[in-house]
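Trainee: Residues per chain are reported as follows:
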Amino acid sequence: MRFLVIVKASKDSEAGKMPSTELLTAMGKYNEELVKAGVMLAGEGLAPSSKGARVKFDGAKRTVTDGPFAETKELVAGYWVWKVKSKQEAVDWLKRAPFDGGEEVEIRQIFEMEDFGQEMTPELRKQEASQMKRAEENRKQK
Amino acid sequence: MRFMMLVIPKGYESAGPGTTPDPELVKKMMKYNESLQKAGVLLALDGLHPPSMGARVTFSAGKPKVTDGPFAEAKEVVGGYWMIQVKSKAEAVEWASRAPMGDNEIVEVRQVQEFGDFPPEIQKSLEGFSEMQNAPKK
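Residue numbers (this note's numbering), protein chains in the order written: chain A, 1 to 142; chain B, 1001 to 1138.
Accuracy of the hints is not assured; some may be wrong.
Which chain B residues face chain A? A few, computed with CB under 8 Å, are given here [said to hold, decoys possible]:
1) M1030
2) A1044
3) D1046
4) T1058
5) G1102
6) R1110
Stretches of chain B that chain A covers, calculated by requiring three or more beta carbons in the stretch to come under 8 Å of a beta carbon on chain A [to be verified]:
7) 1015-1028
8) 1087-1101
Simulated from the structure, these hints should not be mistaken for laboratory data. Where a beta carbon is used, it is the ideal one built from N, C-alpha and C, also for glycine.
Sequences and hints are given; from them, build the entire structure.
Mentor: Here's what the structure looks like:
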């Protein structure tokens, strides 16, 4: 099963403050372990919310608000996608992450095809599989 | 440049374990996904199980503390995301505006940090990271 591991924003990340070389080195080592164990599928950092925007939906109306967004506690600063055998395994991996300054990280299971019932018709399943394949091709081209 | 479009569905913070999306919404989403795909902007996409099936780990002085979901204090949570490759933030916002979301739902558009965005001394520490991101496949 796959999990999205969401690193929450902090005042520093929102201010665009870069992590120290020590932390980056520790993170590089940790990422290396994740890769070697076949756990890490993807990982990215996001620019502070000041560079982003929110689109709110109301019927046909769209309200666009440029960042920053004040509620830093629920904002995302970065993420990994991990492939593990259980939620516990994800928790165990996360406990070893080199965070130490009050960071909060959220572990969320990703929906897989088998999580859907009959509503996901064979046609929709085929469409989804084809989209995934072509999305992968887009990634390779970047 | 790459952007992550984070879906913040209304009320998902209190959805029970095993909740799956409305079948009609799935059909609309698939159509929207198809439009992203055809435009060649779609890089990745995933839907997330409700937070009631997840966990949070907080780190204080190097000590991890695990809390299982649901998270009582959360006012909004991520329900899924698209990763897209576009030419500008405006283009990303344009795509976000076309998503089949319901009333009072939000799509947050966030730029992904690329290697070139970092100063040289950070780039040095990040050596090999791009390979890590692309190496393993399920």
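Trainee: Taking the hints in turn, state whether each one holds.
Mentor: Against the structure, the hints come out as follows:
1. M1030: 6 Å, holds
2. A1044: 6 Å, holds
3. D1046: 5 Å, holds
4. T1058: Given a least distance of 5 Å, the restraint on T1058/B holds.
5. G1102: 7 Å, holds
6. R1110: Interface hint status for R1110/B: holds (4 Å vs cutoff 8 Å).
7. 1015-1028: Check passed, 4 qualifying residues.
8. 1087-1101: It holds, with 7 qualifying residues against the three required.
The structure shown violates none of the earlier numbered hints.
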